[in-house]
Amino acid sequence: MDGHPLKALLQLQLGSDSYAVLHLPYILASLTAESLVPSAHSSKWIARINSLLHSKAPDARWAGLCLAQKTSVLSKSTMIECAQSWIGLALPLLAKKEPPPILSASVRLLRVIFSAATDVPEFQRQVATPNVSKFTAALIPLAEKHADNELKILILSTLALIIPLYPTLHRTSHSALSALSLSFLNGNPFKPPNTQLSSTASRLYAVLHFTGGKVGAANLWRKAVDDTLTFGWTSFSALRSTFFVEGRAPQLPAGTEEPLVAIPLNVDRLRCSIIVLCDLLRTTTHRPVQVPLGPLVKFAVALVSSTTDERVDRYIDPGVRAMEAAVTPQIWKLACDLLTCLANCVGHHLSSSLSRIVTCIVFHLEQHLTSSERLPFLNTLQVILTKCYPLHSTLVVNRLARAILPLISVVLAKEGDARETDTTGRSKKSKKRAREFEGDEVFKVSREVICSTVNEGDALLAAFFVLRLVLRNPHLAPAMQSISCRVTLSVLLALPQLSPASLSCDSKLHPLLLGRVQELSVELGAGSTGGMSKSLGLVIGASLQDSHVHRDLEMLLHPRLPPLVRSMPHIESLSLFRAEESQEEIDARESLGLVPSEIEPEPDVEPAILDVIMADPPTLPTPPTTNKIQPVPASVEPAAGRPPQRTEQAPQPLNDEKMVSIPSPHPRKVVNDVPPPVDMPSFVEEETNEEMPAIDLGSDSDSD
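Counted the way my numbering counts, the sequence shown spans residues 1 to 704.
Bear in mind the hints are in silico, worked out from the structure with no lab data behind them.
Check before you lean on any hint, since a few could be wrong.
Beta-carbon label-pair distances, calculated as ranges [stated by the list, open to error]:
#1 A179 x A494: 46 to 54 Å
#2 R282 x R356: 22 to 30 Å
#3 K145 x P5: 37 to 45 Å
Below, a list of computed lysine-lysine pairs in the DSBU-like style, where the Cα atoms sit at most 30 Å apart [to be verified]:
#4 K134 x K97
#5 K56 x K96
#6 K191 x K76
#7 K56 x K7
#8 K76 x K7
#9 K97 x K56
#10 K223 x K333
#11 K191 x K134
#12 K333 x K508
#13 K7 x K134
#14 K145 x K191
#15 K191 x K97
#16 K145 x K70
#17 K333 x K298
#18 K70 x K56
#19 K70 x K96
#20 K387 x K298
#21 K134 x K96
#22 K223 x K298
#23 K7 x K70
#24 K44 x K70
#25 K145 x K97
#26 K145 x K76
#27 K145 x K96
#28 K44 x K76
#29 K56 x K191
#30 K56 x K134
#31 K97 x K70
Note that this is a predicted model, so its numbers are computed, not measured.
Beta carbons: idealized from backbone N, C-alpha and C, even for Gly.
Based on the provided sequences and hints, a complete structural model is requested.
Structural data, given as structure tokens:
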């Protein structure tokens, strides 16, 4: 029995046009490349598709177009065989008034036909070349006049795919294609921005330089970059009419629109210009081109340097000022997108401007921003610090570390939280013993969730990644390096004791953050041989949870790696305790608000040895008398001359009690005049450490 899949589909699901439309999803899901291998049923399959394409019913034609497109994707030989006839049926549909599903299916079919057989020269010469220009000419008016955004996106993406494959065939259509793409990149103040449509139009605009050929493509690309920069500067200046731009007030044209329309319009235009610049930087060219890095960096720095507290010595409209200040965070985000794209595209060539860029970003991180406003800056720092050479400015590096530390210290409990928990958990009138039950911490709501939103969690992860890059910089001051290591170690110790629900509403954040902190701690501990030897437990604890266990243990046991450019400090050289930190570290820690919470010590108690009134010492047994009197060593005095040595060793346990802040119940105590008639073995045990007097064996009393 013949069980070929095409036979069953032809007999059942494709038995009629209505059945074909009804069962089209099942048919498309059932088709595979193996089922379309040339066989006795292939001709019947092609004939059934052609019959659907020639049907007068729109739904049947739509089903035929979908089946032809799926067949072209799965079987290249079938597509080459039927391409000429399918093009003759699908291409005229683009000029007719057809429903959007039929137009979309026709565009998808022709897109596959013109892009799937570029390696067959004869097919290109006979089929593709005569019809590609017609296809483009039909798509341009369809994208301009049709109101369906999904169809527009499909047409623009199809043109962006076809133009690099057939650049010379689109040379005459360059102006029309440029006008088509720019019509979707001119901004719209009345509707929310359609990011998918604008990004697709930007990709089309970024490939139009291919129409200039190998020689003229570089000039067209540079002209597109310059025009987009000019467009972006114009939009940015219109958004800063009440602020200074490059030290001077911008001069706006006389026919400026109302602020309620102009500000949203220019924000959208600025967004489109940034998208186009990023696509132009990511596109490919036949020959190397010279990137205008200076103008691009100047534009990006002007965007990221925007603030909301600049003053202008002239009259300004308060309403316009408020609206322009409200869109400033959007300008920051667009600037971060441009800087990220620049770092990814030009790499270390951006290092000459790195100090200026990082200084502008650090200034914003030092302000009171929301997590959504802070996250783009942190993401940009990750990229530019990774792609560029290390910062050479000590001032900028230390300032960046000082701005990052408060962002990561939110994980640590503050002193106010501990006091609030203590005061809320106790009642002034209640004297009953506090009762705690297992799992009671789940119901404690004294401390809020640390990362209440997704952006706060992402910002926390990004801050630790930036700190990791900062600690690799050789110009970081030792005091900031020590504080950063101590904060990282504190977070590493605090995270396992913190429940995932207390950290964030997203349970995935806790293991991600813990893994990142462990990686940072391992890197700090593996900086030198001495540090690695003291970090064995930390390395193993962090490595057993991921796939780097063999690498970390091998590095620990056999450190055959080349020496680092900067020798990292040993673990013992890091001031992990407050008693070891320098005055510079104390000032830096207090300025950052990293004062650890601790229990206030009780009032100091004077040493009890000063208040003890000793009675007469007990009478010690007298040794046997001898005729020869030995000299008494200097370290031993008569019992009647001074109290026993035990009284001078008594302050030691009292000092230990003072370190743990346990007050003595009786700070002043008087010893009775009459000593108890018992021996003091402890006195003898403590005297064993003293130097014993010399004994003359020749002075035995029996010798007399």
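Structure-based check of each hint:
1. A179 x A494: 46 to 54 Å: violated, 59 Å
2. R282 x R356: 22 to 30 Å: holds, 24 Å
3. K145 x P5: 37 to 45 Å: Given range 37 to 45 Å: holds, Cβ gap about 41 Å.
4. K134 x K97: holds, 17 Å
5. K56 x K96: holds, 14 Å
6. K191 x K76: Violated: K191 and K76 sit about 43 Å apart, past 30 Å.
7. K56 x K7: Given that 30 Å is the threshold and the Cα spacing comes to 25 Å, the pair holds.
8. K76 x K7: At roughly 21 Å apart (the allowed maximum being 30 Å), K7 and K76 satisfy the hint.
9. K97 x K56: Distance of about 14 Å is within 30 Å: holds.
10. K223 x K333: With a Cα-Cα distance of about 26 Å, the restraint between K223 and K333 holds, given a limit of 30 Å.
11. K191 x K134: This hinted pair is violated, its Cα atoms lying about 33 Å apart.
12. K333 x K508: Holds: K333 and K508 sit about 26 Å apart, inside 30 Å.
13. K7 x K134: Given pair K7, K134 is violated - Cα atoms ~37 Å apart, limit 30 Å.
14. K145 x K191: Distance ~18 Å between K145 and K191 Cα, so the pair holds.
15. K191 x K97: Between K191 and K97 the Cα gap is close to 27 Å, so the pair holds against 30 Å.
16. K145 x K70: holds, 28 Å
17. K333 x K298: holds, 16 Å
18. K70 x K56: holds, 21 Å
19. K70 x K96: holds, 23 Å
20. K387 x K298: Status holds; Cα separation ~19 Å.
21. K134 x K96: The given pair, whose Cα atoms are some 14 Å apart, holds under the 30 Å limit.
22. K223 x K298: Judged against 30 Å, a Cα distance of about 18 Å means the pair holds.
23. K7 x K70: Cα-Cα ~17 Å, so holds.
24. K44 x K70: holds, 16 Å
25. K145 x K97: Status holds; Cα separation ~11 Å.
26. K145 x K76: violated, 34 Å
27. K145 x K96: It holds: about 13 Å lies between the C-alpha atoms, which stays within 30 Å.
28. K44 x K76: Given pair K44, K76 holds - Cα atoms ~17 Å apart, limit 30 Å.
29. K56 x K191: Violated - the C-alpha atoms of K191 and K56 are around 39 Å apart, more than 30 Å.
30. K56 x K134: holds, 24 Å
31. K97 x K70: holds, 24 Å
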